[in-house]
Amino acid sequence: MMEIRTPKTHKAKRVLEKRAPKLVENGKKTLILHGTKTSATVSSVLMELYRLKKGGAIKYSRRNENIRPFESGGETSLEFFSLKTDCSIFVYGSHSKKRPDNLVLGRMYDHHVYDLIEVGIENFKSLLSFSYDKKIAPHEGSKPFICFTGEGFETVQELKQLKEVLTDLFRGEVVENLNLTGLDRAYICTAVSPTKVFLTHCAIKLKKSGTIVPRIELVEVGPSMDLVIRRNRLPNEGLRKEAMKLSKDKPKKKVKNVDQDDVLGKLGRVYIPEQEVGKIPLPDKSKGVKRERREGKVKKNKEEGSASKKLKESE
Amino acid sequence: MDTEMDQIYQIDVGNLLAFNPNHRFSSAPSSREELVKECVTEGTKLVQAIADTLFNFPSTESVDGPLVQLPPPTTKLPREKHLPRPKPPTKWEEFALKKGIQKRKKDKIVYDETTDKFKRRHGYDRVNDDNDIPIIEAKASDEPGEDPFAKRLDDKKKRVDKQQQNRLQNLKSAAKAGALPSHVQLAASALPITGTKAQPKKLGKEELGDVAGLAATSTASGGKFDKKLPGEKPPKKQGKHHKYLPVVPRYGWVDEEKEQTNKVLGKLLSKHSHEILNVGKAINMYNDKKEKKKSGRSDKLKPKKDITKKKPYANKAK
Numbered sequence: 001m002m003e004i005r006t007p008k009t010h011k012a013k014r015v016l017e018k019r020a021p022k023l024v025e026n027g028k029k030t031l032i033l034h035g036t037k038t039s040a041t042v043s044s045v046l047m048e049l050y051r052l053k054k055g056g057a058i059k060y061s062r063r064n065e066n067i068r069p070f071e072s073g074g075e076t077s078l079e080f081f082s083l084k085t086d087c088s089i090f091v092y093g094s095h096s097k098k099r100p101d102n103l104v105l106g107r108m109y110d111h112h113v114y115d116l117i118e119v120g121i122e123n124f125k126s127l128l129s130f131s132y133d134k135k136i137a138p139h140e141g142s143k144p145f146i147c148f149t150g151e152g153f154e155t156v157q158e159l160k161q162l163k164e165v166l167t168d169l170f171r172g173e174v175v176e177n178l179n180l181t182g183l184d185r186a187y188i189c190t191a192v193s194p195t196k197v198f199l200t201h202c203a204i205k206l207k208k209s210g211t212i213v214p215r216i217e218l219v220e221v222g223p224s225m226d227l228v229i230r231r232n233r234l235p236n237e238g239l240r241k242e243a244m245k246l247s248k249d250k251p252k253k254k255v256k257n258v259d260q261d262d263v264l265g266k267l268g269r270v271y272i273p274e275q276e277v278g279k280i281p282l283p284d285k286s287k288g289v290k291r292e293r294r295e296g297k298v299k300k301n302k303e304e305g306s307a308s309k310k311l312k313e314s315e
Numbered sequence: 001m002d003t004e005m006d007q008i009y010q011i012d013v014g015n016l017l018a019f020n021p022n023h024r025f026s027s028a029p030s031s032r033e034e035l036v037k038e039c040v041t042e043g044t045k046l047v048q049a050i051a052d053t054l055f056n057f058p059s060t061e062s063v064d065g066p067l068v069q070l071p072p073p074t075t076k077l078p079r080e081k082h083l084p085r086p087k088p089p090t091k092w093e094e095f096a097l098k099k100g101i102q103k104r105k106k107d108k109i110v111y112d113e114t115t116d117k118f119k120r121r122h123g124y125d126r127v128n129d130d131n132d133i134p135i136i137e138a139k140a141s142d143e144p145g146e147d148p149f150a151k152r153l154d155d156k157k158k159r160v161d162k163q164q165q166n167r168l169q170n171l172k173s174a175a176k177a178g179a180l181p182s183h184v185q186l187a188a189s190a191l192p193i194t195g196t197k198a199q200p201k202k203l204g205k206e207e208l209g210d211v212a213g214l215a216a217t218s219t220a221s222g223g224k225f226d227k228k229l230p231g232e233k234p235p236k237k238q239g240k241h242h243k244y245l246p247v248v249p250r251y252g253w254v255d256e257e258k259e260q261t262n263k264v265l266g267k268l269l270s271k272h273s274h275e276i277l278n279v280g281k282a283i284n285m286y287n288d289k290k291e292k293k294k295s296g297r298s299d300k301l302k303p304k305k306d307i308t309k310k311k312p313y314a315n316k317a318k
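Protein chains in written order, with UniProt numbering: chain A, 1 to 315; chain B, 1 to 318.
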């Protein structure tokens, strides 16, 4: 016997609608967790990643022993967490003798694992070890610039996947309007070798140049690390095709209060609130506020000021 | 930003992304700092390239600063959820399509002829309210004993139930096609009632504990040495609960045992002691007990008591 369950509060309904599959999706949220054993490096990497992605990330602090992303049965917990927190990217950190300072970056499609890439962390420099002028520190949640350098990102398959995953991870929300004053961070990824990528986070300093376009200066602020590619798993072709499908219809936007008439053309409806004649605020006619008085006062002050200036000059 | 060595960068302004596919590192970067420096310089060039395009967009002034309209991103990234699937038409929709029935918009306010007023269609004080009918005329087909008002209510209830069933069926078929509306969840409810069999009642925590305790006492050692599961509470004290008062009273405290015996004695030896003990009842109880023993017991090993011998206080009651 089935029963229909609907949310009893408006808030619950809104939450469910937010999580439903849509034509234009919300920004992907990141789930950060760690496995049975983590080293100091891994835990600080996870912490700093969480701080960088503060608005759109959820960090779990307990260790998860039964998560093994690369094994067939070890993903069920991850998928459950992804379903509960509505996160489609996850970062799983662990440490073992065979794979020291390990980080698995993965993405989900429909709350099932889509693709995985495993990297090792080397030469990690934490946020706190960089000293810089606090004024240029990037604000939380600002949209970053992402830069990739190196031919490896085009030729080597693992690096291509890493490029895609890092873009997804750092991108944040897709916005239509951008405030130019709010651009203050950049992620720089360089393919040092076919298996190694150098990643760093910089703050942006805009300096005056002759033209409208300011001159950009980058100052390293954030964590910097070397990522060494270990294992990876690509999505199946079919799944990839389905995930990349774009819908041709534009999202229907209801335009309210506008009608089209054959004779008159475009008609609009204007609503005017009811005027309570007894409650309209009357003009302030008190003595000091009158315009003539104010202007007279200003003139007087000016004369006095210039008079005192003259005095000073003569002195 | 073209130089001789680097060709055009691949820029995706919608994502603020830039990719330089043509940089080659000088054979061996001497030290880590040199490498870092080189990476940052390359990064600066890329960011500069994006900023060039960005700042040349037409900008609108707003409270926080100049706003620029970003073009949609060009890098293809996978979606996080599937595209919304089309809902299969409901049974009514199919029927309406077949018959060519158009949807007509209903007004919220309708003219009520009985009261010559405009009333709302649904809600408080509505048009054609079922409860407001004062008189129902009897038809030839009506049975004499039937209550037409109750019948109307009953009919309405049936209609509502049928509609619920139809709605459930529609949602089930939508769920099958993967297009369940986001705010609805179909869940398996309680198990269906199977005829006259009583539903198995779910045991609570305490009841489970009691049952476990009962089972434990059936062991030879009375459940005292059984291995307990983690989280299982130790058994409650079994048997009679005696509270023994201290024999030697504590210094300064009242001698409780003495008090107890004094209390009983006082009651027995008081003026109204005959009223406390219901002697008639006591005798009846004793006699009943004797009779039961006489009838029930067939134990030949037990020494038989001489029942003809009368007890001294049996006479006192008279």
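It is worth saying that the hints were derived from the structure and are not from the lab. Incorrect hints may appear among the rest.
As the list claims (entries may be wrong) - Heads up, simulated BS3-like pairs for lysine-lysine below, C-alpha to C-alpha not over 27 Å straight-line:
1) K241(A) / K139(B)
2) K135(A) / K205(A)
3) K59(A) / K81(B)
4) K8(A) / K290(B)
5) K258(B) / K8(A)
Consistency of the hints with the structure:
1. For the proposed pair K241(A) and K139(B), the alpha carbon gap of about 67 Å is over 27 Å, so the pair is violated.
2. Restraint check: the Cα-Cα separation between K135(A) and K205(A) comes to about 10 Å, which is no more than 27 Å; the hinted pair holds.
3. Among the hinted pairs, K59(A) with K81(B) is consistent with the structure: their alpha-carbon atoms are about 21 Å apart, no more than 27 Å.
4. For the proposed pair K8(A) and K290(B), the alpha carbon gap of about 69 Å is over 27 Å, so the pair is violated.
5. Taking the CA atoms of K258(B) and K8(A), the gap is about 66 Å. The hint is violated against a cut of 27 Å.
Hints 1, 4 and 5 from the list above are not met by this structure, while the remaining hints are.
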